[in-house]
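Participant: Using the hints, position chain P against chain G.
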Amino acid sequence: MTEDHRGRIGKYKPANIAFNIFNYSFLTFLTLICFYPILHVIFASVSDPMELLSHRGLLLGPVGKATLNGYRIIFKDNSILVGFKNTLIYVGLGTAVNMVITICGAYALSRRDLLLKGPIMILITITMFFGGGLIPWYLLMRQIGMHNNIASMVLPTALNTWNMIIMRTGFQSFPYELEEAAYIDGASDARVLLRVILPLSKPVLAVIFLYYMVGNWNSWFNAMVLLEDRAKFPLQLLLKEVLVMNDTSAASVGSAGGVIVDGIQGSAAYRELVKYATTVVATLPILCVYPFLQKYFVKGVYVGSIKG
Amino acid sequence: MKKEKKTHVTMAMVRKDLKKNRFAYLLLIPVIVWYIVFCYGPMWGVLLAFKDYKPLLGFTKSKWAGFRFFKEYLAGPYFFRTVKNTLMLNVWGLALGFTAPIFLSLLLNEVRRMRFKKVVQTVTYMPHFISLVVICGMIHIFTQNGGIVTELVNAITGKEYSSLLGYAGMFRPIYTISGIWQNVGWDSIIYLSAMSSIDPGLYEAADIDGAGRLQKMIHITLPQIRPTITILFIFAVGGLMASGHEKIILLYNSLTYDTADVIATYVYRRGIREASYSFATAVGLMSSVVNFGLLWFTNKVAKKYSDISVF
Chain G
1283 MTEDHRGRIG
1293 KYKPANIAFN
1303 IFNYSFLTFL
1313 TLICFYPILH
1323 VIFASVSDPM
1333 ELLSHRGLLL
1343 GPVGKATLNG
1353 YRIIFKDNSI
1363 LVGFKNTLIY
1373 VGLGTAVNMV
1383 ITICGAYALS
1393 RRDLLLKGPI
1403 MILITITMFF
1413 GGGLIPWYLL
1423 MRQIGMHNNI
1433 ASMVLPTALN
1443 TWNMIIMRTG
1453 FQSFPYELEE
1463 AAYIDGASDA
1473 RVLLRVILPL
1483 SKPVLAVIFL
1493 YYMVGNWNSW
1503 FNAMVLLEDR
1513 AKFPLQLLLK
1523 EVLVMNDTSA
1533 ASVGSAGGVI
1543 VDGIQGSAAY
1553 RELVKYATTV
1563 VATLPILCVY
1573 PFLQKYFVKG
1583 VYVGSIKG
Chain P
1382 MKKEKKTHVT
1392 MAMVRKDLKK
1402 NRFAYLLLIP
1412 VIVWYIVFCY
1422 GPMWGVLLAF
1432 KDYKPLLGFT
1442 KSKWAGFRFF
1452 KEYLAGPYFF
1462 RTVKNTLMLN
1472 VWGLALGFTA
1482 PIFLSLLLNE
1492 VRRMRFKKVV
1502 QTVTYMPHFI
1512 SLVVICGMIH
1522 IFTQNGGIVT
1532 ELVNAITGKE
1542 YSSLLGYAGM
1552 FRPIYTISGI
1562 WQNVGWDSII
1572 YLSAMSSIDP
1582 GLYEAADIDG
1592 AGRLQKMIHI
1602 TLPQIRPTIT
1612 ILFIFAVGGL
1622 MASGHEKIIL
1632 LYNSLTYDTA
1642 DVIATYVYRR
1652 GIREASYSFA
1662 TAVGLMSSVV
1672 NFGLLWFTNK
1682 VAKKYSDISV
1692 F
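So the protein lines, in turn, are chains G and P. For the first sequence, the numbering used here begins at 1283 and goes up steadily by one. For the second sequence, the numbering used here begins at 1382 and goes up steadily by one.
Just so you know, the hints here were simulated from the structure itself, not pulled from any lab data. Treat each hint with caution, since some may be false.
Unchecked claim - Listed next, the in silico SDA-like pairs over lysine to any residue satisfying Cα-Cα at most 20 angstroms (straight line):
1) K1597(P) to F1614(P)
2) K1577(G) to V1500(P)
3) K1401(P) to R1473(G)
4) K1540(P) to R1553(P)
5) K1499(P) to V1571(G)
6) K1498(P) to I1315(G)
7) K1577(G) to H1509(P)
Given the structure is predicted, the values throughout are model-derived calculations rather than measurements.
In isolation and in its complexed conformation, chain G is listed as follows:
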């Protein structure tokens, strides 16, 4: 209704037409800028490494003869695969622990008549504004045995206050009568939680699950300061070495993967290729599922903003 109304009056004003032209072209430009880097990396990863080295400017397709050598090198080399496996373990384990603890906290704090709710909320809110800082945290982690322990990939990040508050809001968003009916039927607290509250809160559970999962998948700093063994490194930490520190020995270039590289320039070219291919391997899984999950992520922001 409003659309028509606005359209009728304002559509043909020259100023509005000019605005529309600007608006649509600007947004198109922005969309291209957001998308292009990803496309560039994909094209570069299958380009001929030698020709890629001398290529300048935009990439609108693979340069030279398309090749999968970059990917071959990565997958022949063990360490990236081990990193991938570690990350899957940490994400699986971490997210499971995240969900259990967050559900516990959100459930308790969603009870209306909890006497200690006030003090507990204060205890929790304080931590959102104060913290001990990096060094006391680090020393404590070492003291409680987190050093070089894979538990350090799970326990220090077991709970996120913000996520817990979003989930609590979700638990409170349906009528209490539904719980009450179950209690009248003689259900226990645990049963009400498992059979009434959780099934009714599927959307918010999905949102929080995804937030935790993405967070766990992307995390690298704790691993860098706490883990020592390379065999325990998650994918992101290995990526850091390959992409940021320019150390491609993680996916050692050379004869690996049966790809013959000659000369210094050749190995430099292959190093570049490996970087591109690694970026694609690390990003593609997320980008493939992302369009299907987008609406859940966005929903999380909405739920969070009502509360905040």
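Facilitator: Frame of chain G, contents of chain P only:
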């Protein structure tokens, strides 16, 4: 402790509550334990800042140092550099990173073709989900010698830059612009959600008065999302002295310390890499005290002038 303050809470009530809600309290146990260990545990550790902590002696046997480390930092050569860099990066962030999503949401709100809007949103949200390590890897690739961004900058400035991340003057723009690139779409969601609840009657009234699209944007949409902007602004100003260390660690190098080394990265280097635990704790403590002060102050100002506050 808190219970005793409310005189109307009796022991009998507590007992009844513990009995009735025992399941909830049971579930709370791991949550409370987690907060005590991982959030409150490190808070005790700030005492390290006042001790000359030697790992071999342990916490209790290490000598007290008073404010020695605080003075050392304040008098040292890195105090000015780290504070300036932290502030400057945040000022850049506030000027560009904070306003960009507002701008984008205003433009998106004017789009009437829903399909187009959906495509723009989907694509601009996407970089938010790419991991920071990979984003920084891409930044390294694009700003290296002969990289596409380097070439672009060279074409615009007429200079011959090699790897952009090697120039101190380039760090702030790279850090800020890449941040916008990664988050502008995602950060605009919260404003779009605020805009979706604006009363359409306001626009209709403006139409009758003959207002154009731009006028409606400035005089209706913008004032209507002002509360949201204010709240996010309070947090942004409150965080002026705080900055994430992760992205900087992934982007900086000794050539760019002059502009890139912030308090958080200095704490990381001195504390974790060089094991000057007490000194780094003191630096971190000082910055978090200043931070909280800033947040408190901004909150107070906002409360006074707009009745909006976060606490």
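Participant: Run every hint past the structure and note whether it holds.
Facilitator: Each hint, compared with the structure:
Distance restraint check for K1597(P) and F1614(P): the Cα-Cα separation of roughly 23 angstroms exceeds the 20 angstroms cut-off, and the hinted pair is therefore not satisfied. A threshold of 20 angstroms between alpha carbons decides the hint, and for K1577(G) with V1500(P) the separation of about 13 angstroms falls inside it, so the pair holds. About 15 angstroms separates the Cα atoms of K1401(P) and R1473(G), which keeps this hinted pair within 20 angstroms; it holds. Of the supplied pair hints, the one linking K1540(P) and R1553(P) holds, its CA atoms being roughly 18 angstroms apart against a limit of 20 angstroms.
Under the criterion of a C-alpha separation no larger than 20 angstroms, the hint pairing K1499(P) with V1571(G) is consistent with the structure, at around 17 angstroms. The straight-line distance between the Cα atoms of K1498(P) and I1315(G) is roughly 16 angstroms, inside the 20 angstroms bound, and the hint therefore holds. Among the hinted pairs, K1577(G) with H1509(P) is consistent with the structure: their alpha-carbon atoms are about 14 angstroms apart, no more than 20 angstroms.
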